[in-house]
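Residue numbers (the working numbering), protein chains in the order written: chain S, 1 to 115; chain W, 1001 to 1113.
Don't read these hints as lab results, they were simulated from the structure. The beta-carbon is built from N, C-alpha and C at its ideal position, and this holds for glycine as well. Possibly wrong hints are sitting among the right ones.
Below 30 Å or equal to it, Euclidean Cα-Cα: the simulated BS3-like pairs (lysine-lysine) are [unchecked claim]:
no., chain 1, residue 1, chain 2, residue 2
1, W, Lys1069, W, Lys1112
2, W, Lys1100, S, Lys57
3, W, Lys1100, W, Lys1069
4, W, Lys1112, W, Lys1100
5, S, Lys13, S, Lys57
6, W, Lys1061, W, Lys1095
7, W, Lys1049, S, Lys57
8, W, Lys1112, W, Lys1095
9, W, Lys1095, S, Lys57
10, W, Lys1071, W, Lys1095
11, W, Lys1100, W, Lys1061
12, W, Lys1058, W, Lys1112
13, W, Lys1071, S, Lys57
14, W, Lys1095, W, Lys1069
15, S, Lys57, W, Lys1069
16, S, Lys13, W, Lys1100
17, W, Lys1058, W, Lys1071
18, W, Lys1100, W, Lys1058
Listed next, the stretches of chain W that the computed footprint assigns to chain S, with coverage defined by at least 3 CB atoms under 8 Å from CB atoms of chain S [claimed, not checked]:
no., stretch
19, 1043-1050
20, 1095-1104
Some chain S residues flagged as far from chain W (calculated, every beta-carbon gap over 12 Å) [claimed, not checked]:
no., residue
21, Thr14
22, Arg15
23, Gln18
24, Gln44
25, Arg63
26, Arg73
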Amino acid sequence: KAGVTQTPRYLIKTRGQQVTLSCSPISGHRSVSWYQQTPGQGLQFLFEYFSETQRNKGNFPGRFSGRQFSNSRSEMNVSTLELGDSALYLCASSPGQLEGNYEQYFGPGTRLTVT
Amino acid sequence: AQSVSQHNHHVILSEAASLELGCNYSYGGTVNLFWYVQYPGQHLQLLLKYFSGDPLVKGIKGFEAEFIKSKFSFNLRKPSVQWSDTAEYFCAVKKYGGNKLVFGAGTILRVKS
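If we strip away everything but chain S, and leave its shape as in the complex, we get:
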């Protein structure tokens, strides 16, 4: 099975701009979670989508949003970029059922640099 893929792998944006990142989960996985990784804050949960619905959300401002399509692919959007949004954005997929024991599989990430 192909792993989790994320595009683009690298992005450079200017403050005030917006950005859209894409994630394709492992085939058959219906849950997609997004995490932000920075040297200062570590890995922090952004949100999770399951069957096109946001099922859980972390403590990030409303500038961070996402969506999931019927094929389980997901996008996250960051509007009005700030310098502090520079980070590695990781996508993880899992089968999605809440009951049961499943691990999450991570993609390679999108490295976003805001200048």
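Put chain W on the given structure of chain S with help from the hints.
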């Protein structure tokens, strides 16, 4: 709120030394526990996981971890490290019935050859 503590941020070992990385979490309910590894320039990979049953779990590359429920701990061990184990190691916890991983701050391991 859930939190995960990793005791050491940087660890330097010589090859063949034994490794133990500490991880403690704060959550009283049923949890799933994970150790992920991030090699330089690579993405997060699952090293091992604990769901239930035998509290001593074995993962890839000779790593193992022990879940001690009374101590809320899930420490990672390897009897003899190799230079190729140089990486950052993350402990993560998920409430059973949820899909949100809470990560520790990570431990950067450098193995000297």
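Here's how the hints hold up against the structure:
A threshold of 30 Å between alpha carbons decides the hint, and for Lys1069(W) with Lys1112(W) the separation of about 33 Å lies outside it, so the pair is violated. With a CA separation close to 9 Å, the supplied pair Lys1100(W) and Lys57(S) stays within the 30 Å bound. Note on Lys1100(W) and Lys1069(W): the hinted pairing holds, with a Cα-Cα distance of about 20 Å set against a maximum of 30 Å. Straight-line distance between C-alpha atoms of Lys1112(W) and Lys1100(W) comes to about 35 Å, which puts the hinted pair past the 30 Å bound.
Among the hinted pairs, Lys13(S) with Lys57(S) is consistent with the structure: their alpha-carbon atoms are about 25 Å apart, no more than 30 Å. A hinted pair counts as satisfied when its Cα atoms are at most 30 Å apart, and Lys1061(W) with Lys1095(W) qualifies at roughly 26 Å. Between the alpha carbons of Lys1049(W) and Lys57(S) the distance comes to roughly 24 Å, so the proposed pair stays at or under 30 Å and holds. Using a Cα cut-off of 30 Å, the hinted pair Lys1112(W) and Lys1095(W) is violated, with the two alpha carbons roughly 37 Å apart.
With a C-alpha separation of about 15 Å, the suggested pair Lys1095(W) and Lys57(S) falls inside the 30 Å cut-off, and the hint holds. Taken as a hint, the Lys1071(W) and Lys1095(W) pair is honoured in the structure, with Cα atoms around 17 Å apart against an allowance of 30 Å. Pair hint Lys1100(W) plus Lys1061(W) holds up; C-alpha atoms about 26 Å apart against a cutoff of 30 Å. Using a Cα cut-off of 30 Å, the hinted pair Lys1058(W) and Lys1112(W) holds, with the two alpha carbons roughly 24 Å apart.
Between the alpha carbons of Lys1071(W) and Lys57(S) the distance comes to roughly 29 Å, so the proposed pair stays at or under 30 Å and holds. Pair hint Lys1095(W) plus Lys1069(W) holds up; C-alpha atoms about 14 Å apart against a cutoff of 30 Å. The suggested pairing of Lys57(S) with Lys1069(W) holds, with an alpha-carbon distance near 28 Å, which does not exceed 30 Å. With a C-alpha separation of about 28 Å, the suggested pairing of Lys13(S) with Lys1100(W) holds against the 30 Å cut-off.
Note on Lys1058(W) and Lys1071(W): the hinted pairing holds, with a Cα-Cα distance of about 20 Å set against a maximum of 30 Å. The straight-line distance between the Cα atoms of Lys1100(W) and Lys1058(W) is roughly 23 Å, inside the 30 Å bound, and the hint therefore holds. With a cut-off of 8 Å between beta carbons, the stretch 1043-1050 of chain W has 5 residues touching chain S; three or more are needed, and the interface restraint holds. For a cut-off of 8 Å, the count of residues in the stretch 1095-1104 of chain W with a CB near a CB of chain S stands at 9, and the three-residue condition holds.
Its beta-carbon lying about 26 Å from the closest one in chain W, Thr14(S) satisfies the requirement of being farther than 12 Å from that chain. Separation of Arg15(S) from chain W is adequate, the least Cβ-Cβ distance of about 27 Å exceeding the 12 Å criterion. Listed as outside the interface, Gln18(S) is consistent with that label: its C-beta sits roughly 25 Å from the nearest C-beta of chain W, beyond the 12 Å cut-off. Non-interface status of Gln44(S) relative to chain W is broken: a Cβ of that chain comes within 12 Å, the nearest being about 8 Å off.
Chain W leaves Arg63(S) outside its interface by the beta-carbon criterion, the shortest separation being 20 Å against a cut-off of 12 Å. For Arg73(S), the shortest C-beta to C-beta distance to chain W comes to about 17 Å, beyond the 12 Å cut-off, and the non-interface label holds.
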